[in-house]
Amino acid sequence: MSNELHARAERLIAQERVEEIPATEREWLVKHLDDCEACAAVAASTEQALASLRGVSVELPRGLASRTQLRVRVRADELREHAPKRSLLWAITAMSWALGVATAPWVWRGFSWIGEHTGAPKPLWEMGFVLWWAIPASIAAVAVILERKGEQQNI
Amino acid sequence: MMDDDTKELVRGLKRRDPELLDRLIERYQHRLFRYLVHLTGNRERAEDFFQETWVRVLERGHQYEGKWKFETWLFAISRNLVIDWQRRKKPASLDELMEPREDSTPFEPAIAAEESPLAQAIQRESECDVQISMKQLPVIYREVLLLRFQEEMGLEEIAVVMSTPLSTVKSRLYRGLEELRKSMTEARA
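If you read the sequences in order, they're chains F and C. Our numbering puts the last residue of the first sequence at 352; the count rises by one with no breaks. Our numbering puts the last residue of the second sequence at 191; the count rises by one with no breaks.
This is chain C alone, in the form it adopts within the complex:
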């Protein structure tokens, strides 16, 4: 059963309401951009995909039926754009998505300005550790970890975003978690 907000969202997307789109962009900008940065490993590319995703939301809005949360649909769109781009770039294989990217440029994590210099330094160090460890993970593990532990999506929602069976999502999460833990322990040692 759809609640009133979802019904309103479905109607607004169907009629391509620009005001609604503006509000959605404001609301989901941080989460979507963060997801794309982690997925592509490159801020500039993430920025392109960010804009492309919202244009696609405008164009395909009539396809959103409110069956899943809007963010699940949104992330699935952006993921498909990245995969399409990857396919065009390297039509013979999608294996690159499985391997850590060599050409990806690192990105600087944001630190809240009001924190003390010591807290900032500790946080930056911790974030750098996790950034380095995440970058070493194959994208398929990186992605599920982000969706589960940063975006706090449910396992079924992740399966929808990734168009993957639930069992695959779980196995990738276990494996990814283990790899991340080991990598971070090694980095700290």
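Looking at chain F on its own, in the form it has when it is part of the complex:
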């Protein structure tokens, strides 16, 4: 028997255990192993090695799970304590919005007055008014982003 046939058999012996092999290849391999003692020994030793590997178990250290559970709970408490207090932030933002809505007519007049006295074009002072409205939301967004960054750094 040629070396090529043995090499093919050895390749298929490994391939069969790692992934699927086509039925025709399997048939060829079975036939070859019946005829070739050396390749049959390779197949047997491969199977034996894998059986031994599958049979290996490692003794778990005593109390490892409970110690880990405790450590995880302590860390969970720490994370909860350092969790950002969003409720206060949202309350301040909501209050700013409410104040903004309530004072909008006066603020509009104020911007209009500034525009007239400085000679600023109308779109410019109108944009100033819109920006003034957007300030609370912008501050809230920046605060949330900073908090998230801090949270990730803690991790």
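Calculated from the structure, these hints are not laboratory results. Be aware that one or more of the hints could be misleading.
[Stated by the list, open to error] Some, not all, of what chain F presents toward chain C, calculated at C-beta under 8 Å:
{"#": "1", "residue": "P258"}
{"#": "2", "residue": "A262"}
{"#": "3", "residue": "L276"}
[Said to hold, decoys possible] Mimicking DSBU-like on lysine-lysine, the simulated pairs with C-alpha atoms at most 30 Å apart in a straight line are:
{"#": "4", "chain 1": "C", "residue 1": "K172", "chain 2": "F", "residue 2": "K228"}
{"#": "5", "chain 1": "C", "residue 1": "K69", "chain 2": "C", "residue 2": "K9"}
{"#": "6", "chain 1": "F", "residue 1": "K228", "chain 2": "C", "residue 2": "K184"}
[Said to hold, decoys possible] Quick list of simulated restraints, FRET-style, between CB atoms:
{"#": "7", "chain 1": "F", "residue 1": "C233", "chain 2": "C", "residue 2": "R13", "range": "55 to 61 Å"}
{"#": "8", "chain 1": "F", "residue 1": "C233", "chain 2": "C", "residue 2": "H64", "range": "51 to 57 Å"}
{"#": "9", "chain 1": "F", "residue 1": "N200", "chain 2": "C", "residue 2": "H64", "range": "53 to 59 Å"}
Predicted model only: the values in this text are computed from it and were never measured. Ideal Cβ placement from N, Cα and C applies to all residues, glycine included.
Fit chain C to the given chain F structure using the hints.
Positioned in the frame of chain F, the structure of chain C alone reads:
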């Protein structure tokens, strides 16, 4: 499509549910510890990484999307911790992971208490052979063999755990299997 259990797991990890974490630790303790012992070659170190892995699961739980099985994600986390530690220890090179460890201490395999003394002796001998052979293998081969034949992971899952192309996983498996077989045959001879 995610099944209900996976959805529940994703939600629980997002809200850092301690009860869920307790159950997961109980469920995966043997597999994770065994993987870490084989990966690091040292029980004490494996114990540290075991705890660190679960703390990381708590902290990064929101990143688990249920795309892969939980154990695939879990093993990937623990593997990354080991690699980070290896990098810190030896920043210039990761080659050590490729070579058999000189300083690693052996570990005793567990034998079921109810087995007969003869069966225990045979099993211990067989396990010792495979332990010695495995220790002689470079970590990159040892790891794929463990994930495939002990953890019975699919090739794609192994590729995810190892952040390695599928073709690399396959070639390492072929090579590792061949090395293990030869080493065990020599040990028995």
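Hint by hint, which ones does this structure get wrong, listed from lowest number up? Nothing - there is no hint that the structure violates, so all of them hold.
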